[in-house]
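Take these sequences, add in the hints, and give me the full structure.
Listed in order, the protein sequences are those of chains E and V.
Going by the UniProt record's numbering, the first residue of the first sequence is number 1, and it counts up by one from there.
Going by the UniProt record's numbering, the first residue of the second sequence is number 1, and it counts up by one from there.
Any given hint could be a false lead.
Since the list can't tell identical chains apart, any single copy or any two copies may satisfy a pair.
Claimed, not checked - Pairs of lysine-lysine, BS3-like flavour, derived with a Cα cap of 30 Å: (1) K34 with K44; (2) K185 with K44; (3) K185 with K45; (4) K185 with K55.
Calculated directly from the structure, the hints in this document are not laboratory data.
Number of protein chains: 2
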Amino acid sequence: LNIIRWEFLRLHLIKYGRIHSDVKLKDPFALAQKDLNHLYDDIKKELFVSKAELKSLCDYYFDGKGKAFRPMIVVLMSRALNIHNLLPGQRSIAMISEMIHTASLVHDDVIDGSDKRRGKSTINEVWGERKAILAGDFILSAASMALARIGNTTVVSVLSQVIEDLVRGEFMQLGSKENENERFKHYLEKTFKKTASLIANSCKAVSILVSSDPEVHEIAFQYGRNVGIAFQLVDDVLDFTSCANHLGKPSAADLRLGLATGPVLFACQQFPELHAMIMRRFSSKGDVDRAWQYVQQSDGVEQTTYLARRYCQEAIRQISLLRPSAERDALIRLTEMVLSRDK
Amino acid sequence: LNIIRWEFLRLHLIKYGRIHSDVKLKDPFALAQKDLNHLYDDIKKELFVSKAELKSLCDYYFDGKGKAFRPMIVVLMSRALNIHNLLPGQRSIAMISEMIHTASLVHDDVIDGSDKRRGKSTINEVWGERKAILAGDFILSAASMALARIGNTTVVSVLSQVIEDLVRGEFMQLGSKENENERFKHYLEKTFKKTASLIANSCKAVSILVSSDPEVHEIAFQYGRNVGIAFQLVDDVLDFTSCANHLGKPSAADLRLGLATGPVLFACQQFPELHAMIMRRFSSKGDVDRAWQYVQQSDGVEQTTYLARRYCQEAIRQISLLRPSAERDALIRLTEMVLSRDK
Chain E
1 LNIIRWEFLR
11 LHLIKYGRIH
21 SDVKLKDPFA
31 LAQKDLNHLY
41 DDIKKELFVS
51 KAELKSLCDY
61 YFDGKGKAFR
71 PMIVVLMSRA
81 LNIHNLLPGQ
91 RSIAMISEMI
101 HTASLVHDDV
111 IDGSDKRRGK
121 STINEVWGER
131 KAILAGDFIL
141 SAASMALARI
151 GNTTVVSVLS
161 QVIEDLVRGE
171 FMQLGSKENE
181 NERFKHYLEK
191 TFKKTASLIA
201 NSCKAVSILV
211 SSDPEVHEIA
221 FQYGRNVGIA
231 FQLVDDVLDF
241 TSCANHLGKP
251 SAADLRLGLA
261 TGPVLFACQQ
271 FPELHAMIMR
281 RFSSKGDVDR
291 AWQYVQQSDG
301 VEQTTYLARR
311 YCQEAIRQIS
321 LLRPSAERDA
331 LIRLTEMVLS
341 RDK
Chain V
1 LNIIRWEFLR
11 LHLIKYGRIH
21 SDVKLKDPFA
31 LAQKDLNHLY
41 DDIKKELFVS
51 KAELKSLCDY
61 YFDGKGKAFR
71 PMIVVLMSRA
81 LNIHNLLPGQ
91 RSIAMISEMI
101 HTASLVHDDV
111 IDGSDKRRGK
121 STINEVWGER
131 KAILAGDFIL
141 SAASMALARI
151 GNTTVVSVLS
161 QVIEDLVRGE
171 FMQLGSKENE
181 NERFKHYLEK
191 TFKKTASLIA
201 NSCKAVSILV
211 SSDPEVHEIA
221 FQYGRNVGIA
231 FQLVDDVLDF
241 TSCANHLGKP
251 SAADLRLGLA
261 TGPVLFACQQ
271 FPELHAMIMR
281 RFSSKGDVDR
291 AWQYVQQSDG
301 VEQTTYLARR
311 YCQEAIRQIS
321 LLRPSAERDA
331 LIRLTEMVLS
341 RDK
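Below you can see the structure in the form of structure tokens.
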């Protein structure tokens, strides 16, 4: 299925003159590999501490088993913008993006009371809440130090905005009562803040280091924004379609946390019975199971997937405005991988 | 008593030629007042959010009832260094110092499970832990944004170091088993990181904006470091001498949290029975009361106060290296106020 989809996208791109028919779009993970070889070692150096326990805690998630999805986008965007070399500051931004991401996961797990993440126990589960709060603060402060060393205050502003967005997004997610009409807008705004802002602003930051043209900054930002939102929409779909263990968390985890994501919001248009459950955050006995059933009977999953596809198309449109390069085309291919991933 | 002490200091300063005999050292709070008039309003603007609940949460501690101790030092140091005007970037650093301080209090209260602070309920007590974690993150991210806007990457580095120190200091405080010989060194290092680093590095940051001379940066840093450590030593003494309510927290709060501060560490030299209690963090039944009794019988309070006095003398020695000004002399007077405060 993936191969058919991918062939379809390739033909689509050829048709609209975005790529040549003889181009074989490279695998983005393979293409970024050389730039990301020592990424986790470099992060551990940033987190250097003599105190053994704090160290083991901070290193816990930087075990090299992550996909490094954000750093990969950042280095490919850098090379697509620069045409050739990767600037040291851009490599730092790749690293900082992963550090900010991880710090926010650590605090989110405390806030959600989660005990599993990527198939292993969370920091709060192993070391307790107090140390998890501190570990998140510490990773964030190390990221701020690395950010300051890049020596560009616009870049500092752009990435500080991310941290603010992450908090605002998490806060929006805690909010319980929402006007039904504004619910979808609220969901997409939360999705931008919690997931896409980091990718969008990291892409923008690397563009600032290499270009003074605001249009280039905007292309980089919009590619990251659209891919980021699509990524999260697919994540929200997988929460309904993937079995447990695949994502390292149980399925329907969002419902259990009281969260109404894309599939539920679309399902609610067909089954208004979901409205009351959404309002009480699936807190009554049996709510999670019933909501799950409604989503399965609806086309919420298909509609959310379709929406993700549209965001990917916009990401492709944006990145296609850059000069051709293997890295630019790998970023195009990445959008298809975002749509077709199953874990 | 305070008047006598203060007169003693004034004579001491005259004797060593640091001030003239006809100088009346101004009250630092009065002298800084005009620069701090709208400080809390300005902080609230930085925390501007449409979401009403997040706003009320973040504004909670910036109610204008705080002493603004850190901003006061920062503006006086700025004017002592500049001789006349206060630069906008320096005013921002005064504001940021209070924001970083408050963000760390919010997280510390979650970590310590505290329900009272400055005589009112803590954020975690009123809104719950999850929102308190987020509020702390949010205040910190707003501080980072304001910091980036100053547009000086050295200043960003210097104040990012503070955030790292705050976390490391809090982590040191959580550590339970300490080698007895190294315990005092550990306590002073923790005190620097948790309290003095913010004051020292804020003073250094304002000096960077106005001078390129490393010796000037060092004077500013050392004044802040020494006053900061003295401030915390006095705080640790007041935990044993002040009645409840005065500090807005019950006395012997540190013992109840399992913390061995200056008075206990000195008392342990006279009463080795304290050693085992320190090691188990006063966790056995009756430990808190017994430790309290030992401290009262020892001269731990006097020795800690004497140590604070020595740090203040070093602060005076450092600041006296600056050219004379009303603000410099107010910073000298401040050291005596730090020593004589009773709440």
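Hint compliance check: list the failing hint numbers for this structure, sorted ascending. Checked against the structure, no hint fails, so every one of them is satisfied.
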